[in-house]
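Novice: The lines below spell out each chain.
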Amino acid sequence: MFPLLKKLIRTGAGRTRFLMAVLGLSVALLLILSAVQLQADYHSLLYSKNSQDSIANFLVVNKQLTAQNIGAAELSPADINGLKQQPFTDAIGQLTPSRFRIYAHGEQIPFSTDLFFESVPDEFIDVTSADWAWTDQSQFIPMIVPNMFLDAYNFGFAPSQNLPQLTQDVVKSLPIQISISTATGNVNYYAKVVGFSDRISSLLVPQQFMDWANKRFGTGEVVKPSRLIIKTKDPGNPELVKYLQEHGLKTDADKTRFSKYRQQVNMIVNISWVTGVMMLLFAILIFTLFIQLTIASCKEEITLLVTLGTAPRQLQRFLMRQFFPPNIIITVIVLVAVAILQWLMAGFLQGKSIYLPAATSYTTFAAALLILLVLWLVNYLTVKKYIAQAR
Amino acid sequence: MQIQLQQLVPVPLRDKLEQRKSDIWNTSVTFNKGEWVKIKAPSGTGKTTLVHTLYKLRDDYEGAVSWGGKSLRNYRPAETAALRQQTVSIIFQDMRLFPNLTARENIELKRVLTAPPYYEATVIDAMAEKLQVAHVLNQRAGLCSYGEQQRIAIIRALVQPFEWLVMDEPFSHLDHNNAGKAAELIATECTKRKAGFILTDLDEDTHFAYTRNLLL
Numbered sequence: 001m002f003p004l005l006k007k008l009i010r011t012g013a014g015r016t017r018f019l020m021a022v023l024g025l026s027v028a029l030l031l032i033l034s035a036v037q038l039q040a041d042y043h044s045l046l047y048s049k050n051s052q053d054s055i056a057n058f059l060v061v062n063k064q065l066t067a068q069n070i071g072a073a074e075l076s077p078a079d080i081n082g083l084k085q086q087p088f089t090d091a092i093g094q095l096t097p098s099r100f101r102i103y104a105h106g107e108q109i110p111f112s113t114d115l116f117f118e119s120v121p122d123e124f125i126d127v128t129s130a131d132w133a134w135t136d137q138s139q140f141i142p143m144i145v146p147n148m149f150l151d152a153y154n155f156g157f158a159p160s161q162n163l164p165q166l167t168q169d170v171v172k173s174l175p176i177q178i179s180i181s182t183a184t185g186n187v188n189y190y191a192k193v194v195g196f197s198d199r200i201s202s203l204l205v206p207q208q209f210m211d212w213a214n215k216r217f218g219t220g221e222v223v224k225p226s227r228l229i230i231k232t233k234d235p236g237n238p239e240l241v242k243y244l245q246e247h248g249l250k251t252d253a254d255k256t257r258f259s260k261y262r263q264q265v266n267m268i269v270n271i272s273w274v275t276g277v278m279m280l281l282f283a284i285l286i287f288t289l290f291i292q293l294t295i296a297s298c299k300e301e302i303t304l305l306v307t308l309g310t311a312p313r314q315l316q317r318f319l320m321r322q323f324f325p326p327n328i329i330i331t332v333i334v335l336v337a338v339a340i341l342q343w344l345m346a347g348f349l350q351g352k353s354i355y356l357p358a359a360t361s362y363t364t365f366a367a368a369l370l371i372l373l374v375l376w377l378v379n380y381l382t383v384k385k386y387i388a389q390a391r
Numbered sequence: 001m002q003i004q005l006q007q008l009v010p011v012p013l014r015d016k017l018e019q020r021k022s023d024i025w026n027t028s029v030t031f032n033k034g035e036w037v038k039i040k041a042p043s044g045t046g047k048t049t050l051v052h053t054l055y056k057l058r059d060d061y062e063g064a065v066s067w068g069g070k071s072l073r074n075y076r077p078a079e080t081a082a083l084r085q086q087t088v089s090i091i092f093q094d095m096r097l098f099p100n101l102t103a104r105e106n107i108e109l110k111r112v113l114t115a116p117p118y119y120e121a122t123v124i125d126a127m128a129e130k131l132q133v134a135h136v137l138n139q140r141a142g143l144c145s146y147g148e149q150q151r152i153a154i155i156r157a158l159v160q161p162f163e164w165l166v167m168d169e170p171f172s173h174l175d176h177n178n179a180g181k182a183a184e185l186i187a188t189e190c191t192k193r194k195a196g197f198i199l200t201d202l203d204e205d206t207h208f209a210y211t212r213n214l215l216l
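Protein chains in written order, with UniProt numbering: chain A, 1 to 391; chain B, 1 to 216.
Heads up, some of the hints might be wrong.
DSBU-like mimics (lysine-lysine), calculated; alpha carbons at most 30 angstroms apart, straight line [as the list claims (entries may be wrong)]:
#, chain 1, residue 1, chain 2, residue 2
1, B, K130, A, K7
2, A, K233, A, K299
3, B, K56, A, K6
4, A, K84, A, K233
5, A, K63, A, K299
6, B, K130, A, K299
7, B, K56, A, K385
8, B, K56, A, K7
9, B, K70, A, K384
10, B, K21, A, K385
11, A, K384, B, K56
12, B, K21, B, K70
Covered stretches of chain B (chain A as the covering partner; in silico rule of three or more C-beta atoms under 8 angstroms from a C-beta of chain A) [claimed, not checked]:
#, segment
13, 82-90
14, 97-107
These are calculated hints, taken from the structure and not from any lab test. For every residue, glycine included, the Cβ atom is placed at its ideal position computed from N, Cα and C.
Given these sequences and hints, build the entire structure.
Specialist: And the structure:
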């Protein structure tokens, strides 16, 4: 039956319009699918195993010190709660500062200094050491020292003072005497460095010790925290940077630097998106007009076909078979083009030490399927509508 | 399937029909399955209007037409299509062939419209042979003479299954001899299907053994 219908209902009536629609649809699909693919690539760059940076996932946040808030830079519970509720915050911890005076001096190497301690919940610490625990029976207080401190000593301080350079292991083996000043005189403890960290630039002691010591030697009043540590999947998230700025908060700028690039990429992807969607809408409009024109130019034939007993569904099936396959062909061609572009780009960026998957992402295929579904629906509804009118 | 007409009056003919008596208009008529009905209709009495109304091509009437107990007005497009494919076949006065298709294609289209087809494709040749139009089968319908077109239209109506055949002056372009052959073929096909028909024409005729003669 379809070969006969094909002789009756000629689709040649709007050839130019058809070609325009095909062209528009191709460009629109290319833009949209590229945007999806770019987004997927960016996502893989951020979250894939080989580019994940463990340091970057933890941010220490404090108030930006200004002339106005000197001496009152604590974070209010509202600040903390606000930060906790942001989608980019996976976990949040407080840095508890010591509320007592500490004086430290070495036994084997002669040094002495005033000190402070801070503590964070263990889940935010990247040093795994069996010694990182404290009870009031412990022989010594374990400490975690920033790598930076040791580097500053080894490469800055030691050469200038003619002191020996120290390895991490040497430092770990040195006992340090700690004196805590209390109202009734000094109390002495031993402390030992059990690890070095890049994550938090502070002298860390176990939370248990800090709670105990603050209670015992501290001034007694509960002090609001002034530094927080947050765990986040993506320190380059522009949302995070914006939030911190708006709330007068500050963090390690180096870690959030990525957000600037991210914004650029986002903008390009968004422009591609919007242009693609607009073009898709126009292409759909032209396709609809083409279908309308074809049906209108065959109105007499369709009327007679219906008079002879052709079912609306038979006509619809036939017309869909005429109009829809070009859409599938365009989608497949564009998908192939995107796959080739992705492959070329992966190869090119590999030379620049940026690793992208050479294969097209599943999201892109899913997006293509979704667009195809939308096109089918528009085709179907248009055919249905104009057949009903032609009857 | 029964056809019932109840107080049927086409709106455009309302005033005209009030002045004369009719066996069809504005009365109650039932055609039972298998009846061979001749409706004699002088010019201007609404012959084609009746045929088109019966075939659900027009809706500008008062009263009701029902096929199988269901008013035509309640037939949805898909049901109408099924009715035209399976139950009722038609021969239009103005033939209504696709001028750009060949005579054979015109018949073939109607044959394959019903799935599965009622007849094999070879039946087309056999019928064309009987009606002496075999030589125009591969000619564009638009180029055929009216007489040839009318016979093509008759064959087209006969290649589908039906319980009722509606004919509007089916022999108007045929000479006596050809009309006889066509009538013979129609009678054979109707008998074979145990189908009834409704034939409208201007004058009396003896082409068929009518079971009912009505005046429009």
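Novice: Work down the list of hints and note, for each, if the structure agrees.
Specialist: Hints, one by one, checked against the model:
{"no.": "1", "hint": "B:K130 - A:K7", "result": "28 angstroms, holds"}
{"no.": "2", "hint": "A:K233 - A:K299", "result": "60 angstroms, violated"}
{"no.": "3", "hint": "B:K56 - A:K6", "result": "27 angstroms, holds"}
{"no.": "4", "hint": "A:K84 - A:K233", "result": "14 angstroms, holds"}
{"no.": "5", "hint": "A:K63 - A:K299", "result": "74 angstroms, violated"}
{"no.": "6", "hint": "B:K130 - A:K299", "result": "34 angstroms, violated"}
{"no.": "7", "hint": "B:K56 - A:K385", "result": "21 angstroms, holds"}
{"no.": "8", "hint": "B:K56 - A:K7", "result": "27 angstroms, holds"}
{"no.": "9", "hint": "B:K70 - A:K384", "result": "26 angstroms, holds"}
{"no.": "10", "hint": "B:K21 - A:K385", "result": "44 angstroms, violated"}
{"no.": "11", "hint": "A:K384 - B:K56", "result": "21 angstroms, holds"}
{"no.": "12", "hint": "B:K21 - B:K70", "result": "27 angstroms, holds"}
{"no.": "13", "hint": "82-90", "result": "holds (count 4)"}
{"no.": "14", "hint": "97-107", "result": "holds (count 4)"}
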